[in-house]
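Q: Sequence:
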Amino acid sequence: MTKVINKSKVAAALVGMFAVAGSASVAAQDVSTLQNEEAKIHAADVRSQTKIDSLYEQSQELLYEYRAVVDEYENLKVYNDHVQRLVDDQNASLASLQRQIDGIEETKQGVVPLMYKMIDSLEQFVNLDIPIHKERRLARVDRLRDVMENANVTTSEQFRQITEAYQAEMDYGSGLIAYEGKLSFQGEEISVDFFHLGRAALMAQSLDLANGWIYNKETNEWDALDDAYLGDLTKAIRMARKQTAPDLIKLPIFAAERAE
Numbered sequence: 010m011t012k013v014i015n016k017s018k019v020a021a022a023l024v025g026m027f028a029v030a031g032s033a034s035v036a037a038q039d040v041s042t043l044q045n046e047e048a049k050i051h052a053a054d055v056r057s058q059t060k061i062d063s064l065y066e067q068s069q070e071l072l073y074e075y076r077a078v079v080d081e082y083e084n085l086k087v088y089n090d091h092v093q094r095l096v097d098d099q100n101a102s103l104a105s106l107q108r109q110i111d112g113i114e115e116t117k118q119g120v121v122p123l124m125y126k127m128i129d130s131l132e133q134f135v136n137l138d139i140p141i142h143k144e145r146r147l148a149r150v151d152r153l154r155d156v157m158e159n160a161n162v163t164t165s166e167q168f169r170q171i172t173e174a175y176q177a178e179m180d181y182g183s184g185l186i187a188y189e190g191k192l193s194f195q196g197e198e199i200s201v202d203f204f205h206l207g208r209a210a211l212m213a214q215s216l217d218l219a220n221g222w223i224y225n226k227e228t229n230e231w232d233a234l235d236d237a238y239l240g241d242l243t244k245a246i247r248m249a250r251k252q253t254a255p256d257l258i259k260l261p262i263f264a265a266e267r268a269e
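Here this note's numbering is used: the first residue of the sequence shown is 10, the next is one more, and so on.
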């Protein structure tokens with residue numbers, strides 16, 4: 010009886026050992042499974058973190074690009090506003106210029122007839138004036154008429170040349186001037202030195218200094234000059250040519266006509 014009980018105890022012990030061994034084996038398998046799952050989870054976490062890092066880097070790059078685009082947009086906006094102001098100013102200038110051009114065309118309609126009148130008046134003045142360089146002055150008038158008929162000469166240039174001609178006429182009225190030329194007297198052409206004191210007097214002296222003449226404003230003819238004035242006339246001609254120092258001279262001067 011006792012042996013049977015002992016055998017039963019041994020069998021129970023063996024069954025317990027097998028049960029423990031089985032439980033240990035199952036536990037080992039569960040731990041391995043858990044470790045594998047954990048490894049998978051860790052790997053998944055690593056992949057997720059890598060993806061997150063990549064997305065973050067991409068988002069940062071996109072942010073930088075966005076900021077760069079915004080900055081470029083602001084710069085372009087400022088530049089475009091600047092260009093627009095320039096364009097507006099140029100358009101305003103063009104409009105002003107067009108108005109000026111239109112005004113010039115209107116002005117030309119009044120200026121051109123005025124210039125023709127100025128040329129006519131200049132010619133009339135030369136013909137009525139004492140004959141100082143008369144041929145040269147009338148030739149200048151003819152050139153002005155040619156300029157007025159030249160389409161290649163601008164209106165402003167035409168007006169400039171006319172005003173220069175008037176200035177030249179004014180210059181004849183001042184200073185001592187002497188020049189050589191031909192005098193027609195009693196049907197004879199005589200080589201002389203002309204001398205004029207502004208427009209107060211016009212005289213001439215033969216090159217041999219033997220004869221002199223004075224232009225008579227009342228008759229528009231040349232009169233023989235008294236021999237008493239020949240010496241002073243010679244000196245006046247030399248003074249005009251700066252061949253001698255200025256000095257007092259005595260010459261006849263026609264008095265200005267009195268108004269009635």
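Hints are not guaranteed to be accurate.
[To be verified] DSSO-like mimics (lysine-lysine), calculated; alpha carbons at most 27 Å apart, straight line: (1) LYS126 to LYS251; (2) LYS126 to LYS143; (3) LYS60 to LYS143; (4) LYS49 to LYS60.
[To be verified] Taking CB as the label site, the calculated pair distances span: (5) ALA209 to LYS251: 18 to 24 Å; (6) PHE194 to GLN109: 52 to 58 Å; (7) GLU66 to LEU43: 32 to 38 Å; (8) GLN195 to ASN136: 30 to 36 Å; (9) LEU103 to VAL78: 32 to 38 Å; (10) ARG56 to VAL87: 33 to 39 Å; (11) ASN136 to ARG247: 29 to 35 Å.
FYI, nobody ran anything at the bench for these hints, they're computed from the structure. No residue lacks a Cβ here, since even glycine has one placed at the ideal position from N, Cα and C.
Q: The structure should be examined with respect to each hint, and the outcome stated for every one.
A: We went through each hint and held it up to the structure:
A threshold of 27 Å between alpha carbons decides the hint, and for LYS126 with LYS251 the separation of about 38 Å lies outside it, so the pair is violated. Among the hinted pairs, LYS126 with LYS143 is consistent with the structure: their alpha-carbon atoms are about 20 Å apart, no more than 27 Å. With a CA separation close to 106 Å, the supplied pair LYS60 and LYS143 exceeds the 27 Å bound. Distance restraint check for LYS49 and LYS60: the Cα-Cα separation of roughly 16 Å lies within the 27 Å cut-off, and the hinted pair is therefore satisfied.
As the Cβ distance of ALA209 to LYS251 is approximately 20 Å, the hint placing it in 18 to 24 Å holds. Distance hint check: the CB atoms of PHE194 and GLN109 are about 57 Å apart, consistent with the given range 52 to 58 Å. Checking the proposed 32 to 38 Å range against GLU66 and LEU43 shows it holds: the Cβ atoms sit about 34 Å from each other. Checked against the hint of 30 to 36 Å, the C-beta distance between GLN195 and ASN136 comes to roughly 23 Å, which is inconsistent with it.
Separated by about 36 Å at the C-beta atoms, LEU103 and VAL78 satisfy the suggested range of 32 to 38 Å. Distance hint check: the CB atoms of ARG56 and VAL87 are about 47 Å apart, inconsistent with the given range 33 to 39 Å. Between ASN136 and ARG247 the beta carbon distance is about 31 Å. The supplied range of 29 to 35 Å therefore holds.
Hints 1, 3, 8 and 10 from the list above are not met by this structure, while the remaining hints are.
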